[in-house]
Amino acid sequence: MKRDWPLYEVFIRGKRGLNHVHVGSLHAPDDAFAVAHARDVYTRRNEGVSIWVVRADAITASSPDEKDPLFAPSGDKVYRHPTFYEIPADVPHM
Amino acid sequence: MTTTPVEPPEAALQAAFDATVAHHDRIEPRDWMPEGYRKTLIRQIAQHAHSEIIGMQPEGNWISRAPSLRRKAILLAKVQDEAGHGLYLYSAAETLGVSRDELVELLLSGRQKYSSIFNYPTLSYADVGTIGWLVDGAAICNQVPLCRTSYGPYGRAMIRICKEESFHQRQGFELLMTMMRGTGEQRAMVQESVDRFWWPSLMMFGPPDDKSPNSEQSMAWGIKRNSNDELRQKFVDMTVPQAKALGVTLPDPELRWNEERGHHDFGQPDWAELTAVIRGNGPCNAQRMAHRRKAHEDGAWVREAASAFAARNEAARTAAKGLK
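Top line first, the protein sequences correspond to chains H and P. The first sequence begins at 1 in the numbering used here and counts up by one. The second sequence begins at 1 in the numbering used here and counts up by one.
None of these hints come from the bench; they were simulated from the model. Be careful, since some hints might not be right.
Unchecked claim - Part of the chain H face toward chain P, derived, beta carbon under 10 Å: (1) L7; (2) D30; (3) P64; (4) D76.
The beta carbon of each residue, even a glycine, is placed where N, CA and C say it ideally should be.
Next up, chain H with everything else stripped away, as it sits in the complex (with noise of 0.2 Å):
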């Protein structure tokens, strides 16, 4: 049985100007090939003027059993947001 190319994940920038937001996954033999396969199977509509593919064994991910660890330093100081202060309605331009 022969081995399955390895598995790269595919990012698209949509427009100049937005970041490259993940659209799927495929396989390939190498980088080369990954590019265009990513063209063929996630472009063929003008959805992108920018790819960038990496392989999937190359991602560090967190860890989903370590969510509430992770997250949850953030989770209570909500005094990062703007509307956690009080300021007059009549102020202008905050």
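Since chain H is already given, all that's left is putting chain P on it; use the hints.
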């Protein structure tokens, strides 16, 4: 001293999963999920992917014989989309821990199925239009609610697919409208095609609710959002005015508007026929599978060449690093 992280008990995991589904929130690949949920999704997504891949054949058959360059270009684009849809769905299935090679093997060995509609032949060029209008129309009815399915990667693939299916349905309807404005012979060709595809299109929604044992569990898991009969009714209600605009007759003597229900009444497809087609006895089952196996084998040298090219480049890069 090291401590191994304590796995939360299964009951707690199940409770977290149930809460996510109950809130209509999405389950993502690395979340805990019941084994049955994973298996059901793999089977459903893979079957859907296989359908897109096999679905290239009935229409691909007409690319070289479409009557104009415009129609050839449209049909080619449509068949390319089907390939793309298959790839989105295979990727979604793989996030559940099954490999692409396994999925391909499951199709080629016949252990997993594809939609029975693709086992019917495309005998006339009007079938290209009818498939777009009725078959893709039925597929859209099925697929729009799946954009909100509980499994994140599946829903995201469906959103992409639904955006593209709209082109498929509209090109089919426009093709049929053009033929209906043509000669008497062309109009007869459209009617004959609609007569053949109407009942198989209704079968695409699956057996009636009281004979669909897995539906209830799939709905409880948020994989399915509507029952087979609900979607079938919706499709009939949508299609009747379209048939009228087109000037064709839907071949069902029982089809009529029911004022009281606010829906159309309609006859039941021949469910014995659906069972027979699923079991492999449809008009084209053997041909579709033989063609797919041959295409896979004929493409082997391309995959091997690409792998060899990648391996040679990789070896050259490694050697160059060693020289530095």
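Checklist entry - Can you list which hints this structure breaks, lowest number first? => result Checked against the structure, the only hint that fails is number 4, while the rest are satisfied.
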